[in-house]
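Residues per chain, in single letters:
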Amino acid sequence: MTVPSHHPGDTLLIDYAGGALGEAASLIVATHLALCPCCRLNVAEMEAVGGALLDEIEPDEIDPSCLDAVLARLDEHPPMPRAARPVRPAKPVETPLLPEPLRRYIGDDLNALRWKTLMPGMACVDIPTGDSARARLMRLRGGVGPPHHTHDGLELTLVLDGGFTDELGQFARGDLAVGDDSVRHRPVADPEGCLCLAVVDGRLNLTGALGRFLNPFIRF
Amino acid sequence: MSGLVSAGPVSSGLVSCGRFAFNARMQNTGSPAAGSAQALEALLLAVGRERDRAAFAALFGHFAPRLKTYLRRQGCDAGGAEELVQEVMLLVWRRAETYDPTQASASTWVFTIARNKRIDVLRREQRPEIDPDDPALVPDPVETADHKVETQETNGRLRAALKELPPEQAELLRMAYFEDKPHSVISAEQGIPLGTVKSRLRLAMERLRKALRDAV
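Chains as they are written, first to last, in our numbering: chain A, 1 to 220; chain B, 1 to 216.
Worth flagging that the hints you see were computed from the coordinates, not collected in a lab.
Treat the hints with care, as some may be off.
Quick partial rundown of chain A residues pointing at chain B, CB under 10 Å, derived from the structure [said to hold, decoys possible]:
(1) 2
(2) 11
(3) 12
(4) 44
(5) 61
(6) 74
(7) 103
(8) 107
(9) 190
Here a beta-carbon is modelled for each residue, glycine too, at the ideal position from N, C-alpha and C.
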């Protein structure tokens, strides 16, 4: 099993570990983590930094009744008993294509999803999350790419199957591409096509005549 | 944790509101003694294994005042922060039996619970995380599978390295962890170019990572 060669980088991982990243961006970072042991170790270390920072923080005064209130509640039953983890076969017949936590959001049956066509050879499924950034599963036919565009915010793209190539290199399963407003790029799906998760935080700007024409359709 | 040194000037000179004076003080606060991380771990294990209420009260004594500061920096008022502290400490009680000291220190474990709880309550968002049992998870390479991120030794080095960070790096690191603002927002709000924010955070993390990894 190969490990990814394009990673989110320290600053995004710190935002994830510290909890500052919104849900959509956290979803794509966590799905990358499932495929990337190296970034998992980084996040574990960043959480250790969070623990050390919590220890060092200046303590605030706590009302003495606060401890009593908690002690009185220790025997309460949790509001919802935590559901037992579903039993999975010891040796799954087939590894699911979509790793957790993405699978929790959309399942693993790509054909059961409501795909909408954005342009010939390019379809997407919106993934509802709790924040304003947009998360989408995108499916591109080989050789297809979205029009030239730049970003006001941050665009994250995680390859789940197949791959794509852009000015920054070749991206395969597990690779995460980070685009910000300094990048004007044109990714093109590799011949076998590309399935990816894309998150855009901030409005996507399309440039060029075709872009302006398409803008109402695929604007994030 | 008494005898705080008086607040020094904020050397990064980023902004000068009260919050950052607080930050400067924080750097001068002594970290817990070396045995303390061990003591917290023992308390948490006692809660998990024996439902030890005295141990829980001792954990509360250490963590609740710190969690309150953490939650107030996330925007809670004093009352709201204490309510949320109670919720976090209840989760500590209920989940203590799942605590694995080979995975993280007690403080790190409590930090992740507090982080997830405040994302849930204050931001009303889910916290997407990996499932360690997921068959689609790419496993750790054999040579690092038993690697322990935090030991008593690395913990001490990490805390020492935190104290030695240049102020402008420490400042941004604390903002990133405590203020619910991604680095892009910090950049915009502080008027520091995004590239500078990123490089300071990266440099800080490189030093801390070195402290954590230079074991043996």
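### Query
Which hint numbers does the structure go against, in order from smallest to largest?
8 and 9
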